[in-house]
Amino acid sequence: MESVFREETADPRTESVPLSHLSLELGHLYMEDFAAGRTRLRSHFDEVRPWAEAARAAAVRTHGPRARVSTCFLVDDYFTRHSSPSLVLPMLCEEAEAAEVRIDYLARESGCARAGNREPARAVEGRLVESPPPGSDGSRPPASEVGWLSNGQRSPGHHADSAEAMAGTPPAWAPASETGAREHSVFLDVELWSEQKGERLWSCPFLAGVWQLLRLGMLRHDGAAVLRPEEFGGTFPAEWAALPALLRLNRRAQPFAAYRTFSVLPTRFLPVEHAVRVLLGQVHIEAPVREQVERRAKGEGVVLPPELPDRAHYAFALEP
Amino acid sequence: MTRPKRDKVSGNKDAGHETVVVCGEVRTALLQTSLPLSQDQCARFLALRPDEPVRVSERPNVYAVSPDLLTGVDCRLPAASGSRVRGVGTVRAHAALTGGRVIQASAHFQYTTSVSGQRLPWSHYLVRPGLVERLGRTTADDLTAGFLAPRATEPGLLDPGSIASRLLDRARGHELLDGQPPLKSRRTRLRWAVRQVPPGAEPSVHFTIVDTERRTLLLLLPGLMDAKAVASVPPFCEELALHDWLLTTLIRVVERRALGSLSGPEVANRLGPAVSHLLHLWLPGARSGRELPELWNGVEQQPGFTRQWQTLVQRIRDQLALQSLPLHDSAPESSRAPTSAPRR
Amino acid sequence: MLVFAASDKGGTGRSVTSANLAYRRALRGDDVCYLDFDFGSPTAAAVFAVPDIPRGAASGGLHSHLRGAVTEPLRIDVWDRSEHDSLRYAPAGAGRLVLVPGDLGGGEFATAQEAVNRCTKLFAQLEEEFDLVLVDLSAGRSFAVDMALESTARPELRSAPCHWLVFHRWTRQHILAAAGLVYGERGLLANGIALGHDPARLRAALRFVRAVVPGQDSPGIKHARPPQSVWMHAVSRQLDALAAENGLGHGKVLGSVPEEPVLKLQEQLITDEDVLETQVANPETRSALEQLARRLVDDKAWEEF
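Protein chains in written order, with the UniProt record's numbering: chain A, 1 to 320; chain B, 1 to 344; chain C, 1 to 305.
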């Protein structure tokens with residue numbers, strides 16, 4: 001019997017996805033921003049523009065004038081659904097264009113949870129391999145069971161441990177600690193999902209992590225690319241559910257996925273993206289996928305940080 | 001009937017720094033449902049990760065394996081000498097179904113020496129699935145002997161068994177199972193370790209029955225052990241665990257109560273489920289025999305699996321034949337329906 | 001089959017009777033596992049005469065397991081380990097008899113989801129293996145009782161047959177206390193239903209066991225003066241009426257175990273040797289335990305009227 005993991009047998013089935021140098025995300029809006037109307041959208045993209053230009057300039061400095069940069073925008077239709085794509089999205093694209101930050105790819109957040117018959121979030125959950133705090137002997141239930149992912153050792157008295165206290169012997173308190181911290185800890189515990197009436201609701205940080213993995217070209221379903229951009233036909237559907245998970249608005253756009261990502265976001269997203277970093281550092285990427293990207297980067301003379309979280313860059317610069 | 005015990009662990013000295021050592025544990029149980037799962041159901045049952053397919057083979061019987069799951073570990077390693085050695089890395093685990101009837105959860109890892117001597121960023125381990133780096137000096141002999149020692153299951157020591165056990169528990173709640181198995185049976189756990197020995201030595205198998213539930217297996221394999229050779233070991237151990245479980249379960253069915261004291265329908269009732277659900281699963285070496293024929297030969301000589309199995313099967317056949325003689329005369333077929341329906 | 005032994009008060013003979021029940025079922029060929037969930041005072045090891053751990057396992061017992069300190073709780077094969085002469089070797093045709101001891105000085109613990117998860121998995125695993133899993137719960141409304149109720153309401157155990165035995169002595173106070181434990185405001189039924197049990201099914205799975213019942217042969221009755229005898233009969237009739245009024249009537253009684261001098265002095269298993277050879281124990285005790293063991297698996301005993 002051959003080995004179960006496909007890593008060991010460089011599997012020809014693993015599809016390679018085209019890659020840009022940089023995937024540039026043009027901010028993030030909530031549905032209430034859309035509700036606030038055109039002016040709000042325009043001021044958003046006006047704010048994004050200098051940072052987007054700076055990111056593009058940095059890419060040109062590194063990769064030369066032929067640097068491949070694609071832009072993207074993620075619409076939140078997972079936690080709240082507002083209005084209709086046919087009403088909201090034309091306005092969004094027009095205002096972006098007016099602010100001279102053209103959107104190449106439009107994605108919807110629900111697509112990170114489910115895109116057709118694919119479930120990227122479930123797939124990523126199955127690929128979580130937690131960085132074990134010292135003392136992990138294999139008996140700890142995994143994040144997929146607990147629904148929380150951390151970057152270290154929880155304080156006893158948190159979560160499940162608290163209730164195990166026996167009468168008469170209160171649990172000894174100890175601080176939480178970050179695994180591999182430099183001197184002092186910045187401990188983070190991320191809720192991955194919650195259950196509501198038996199339905200799983202993925203958390204915003206978890207979907208944001210899936211979104212980063214998609215942009216980095218790291219996800220496959222049985223060897224095939226998970227998201228394939230669909231060409232924009234000129235009109236948006238009336239229902240969010242009818243909107244493709246990933247839409248190419250610009251026919252001449254560079255590839256959606258890229259070696260690195262750059263996201264321009266409001267400062268309040270900093271904790272979410274901290275959580276994304278914690279997540280990216282604990283996802284097991286299939287070796288053929290990882291190696292494909294590394295091989296091509298090397299062929300192009302592109303230097304790639306070995307750590308996945310270090311391939312995601314940010315400007316936390318926008319007004320809330 | 002008892003199987004011969006072999007407790008002797010080889011005293012071979014550690015051959016060198018890069019001696020290959022692979023350790024793991026297999027838990028085997030009857031699937032808790034009334035009818036065996038079909039091939040399609042097996043695939044659904046074992047779809048532990050949506051982005052990786054379940055591998056199913058039809059021959060010689062339906063056999064399905066889930067995609068692998070990795071678990072990060074950083075803890076003390078069980079060393080026979082008691083020396084404090086730390087291990088950091090990942091353990092691989094998967095679940096498998098044989099004949100849609102017997103479920104196995106298997107977890108294993110390979111030891112490597114840490115080059116840096118300290119724990120590195122987690123990404124270092126993520127790209128080395130199934131490897132556990134040891135920090136601290138010890139020998140291959142110390143690690144395998146320690147892993148197979150009874151006190152290796154103390155909390156705080158690296159325990160692939162608890163990972164395997166969790167997989168079994170997770171599977172048990174699956175909607176495809178009705179919770180009404182045809183017979184009572186005990187889970188077994190097989191802890192195994194493989195150590196590379198110098199070329200020229202004979203490969204050897206040391207199989208030990210520790211108690212009613214636990215078994216240990218030490219394999220000493222001579223010569224070169226490349227990735228392919230290492231990869232062929234866990235399937236062998238799983239197949240061995242399956243057959244040990246079949247034998248153990250059948251022994252229990254036969255020996256639980258003196259068969260001679262039971263009435264005809266009772267005997268049929270006792271033996272029937274075992275005959276229809278277990279007997280056809282006995283195919284030692286069917287999956288791993290091609291890669292490791294010498295190991296199967298070893299197991300057949302000592303403890304002589306197939307010899308024991310055939311003796312049991314013959315005993316069952318004799319009992320059933322004996323019971324069917326008077327039954328044919330006195331009672332129509334329909335009156336032999338099970339008399340003790342599952343108690344509620 | 002999962003059987004839970006509960007009682008409102010201590011001193012009802014719950015532990016010793018349920019241990020004897022486990023023993024009798026094993027003699028009849030069942031594979032039996034006995035779990036000591038009496039976290040307050042683990043004593044089962046002493047009843048089974050298992051050495052080393054007369055007061056529960058030093059570590060690695062049930063309590064440690066449910067707290068997550070050990071992955072598998074300690075299991076003791078009674079036939080292998082007991083110091084009791086008649087228990088040392090499994091009699092011909094007997095099933096397995098396994099004790100899962102409590103922890104030494106474990107004490108009660110606060111309610112915990114994790115503990116219930118582990119408990120559910122443990123019950124499921126043992127049910128897969130044993131014909132009878134007998135769980136001796138601590139007296140009163142304890143966390144052990146809640147945990148058992150909650151675990152058996154989980155999907156993993158929904159298809160597993162469960163029975164609840166409530167032990168009580170044959171006195172006015174004990175009858176009322178047992179009724180309260182089952183039918184009271186925060187009783188087994190109310191709690192069980194709140195945790196998701198089907199009311200009719202849970203009610204049908206409940207039976208009472210009368211323990212330490214003064215028998216006809218007990219010295220108190222045998223040698224009673226006529227006025228005493230009359231008085232005792234009158235009280236007994238009153239108790240019958242009281243039990244019936246409180247839902248403990250004959251239809252809900254699985255069995256009745258007489259007062260046994262041996263058990264007054266020492267909590268132990270009553271073996272056939274004790275009755276037939278050395279004659280230290282009463283034959284009535286043995287036949288009562290035998291009847292209880294028989295009725296436990298008899299569908300007729302569990303029919304509802």
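No lab work stands behind these hints: they were computed from the structure. Any given hint might turn out to be false.
[Claimed, not checked] In silico BS3-like links for lysine-lysine, alpha-carbon gap of 30 Å or less:
(1) K9/C <-> K252/C
(2) K9/C <-> K300/C
(3) K228/B <-> K298/A
(4) K264/C <-> K9/C
(5) K300/C <-> K252/C
(6) K300/C <-> K184/B
Hints and how they fare:
no.	hint	result
1	K9/C <-> K252/C	holds, 19 Å
2	K9/C <-> K300/C	holds, 29 Å
3	K228/B <-> K298/A	holds, 28 Å
4	K264/C <-> K9/C	holds, 17 Å
5	K300/C <-> K252/C	holds, 12 Å
6	K300/C <-> K184/B	holds, 23 Å
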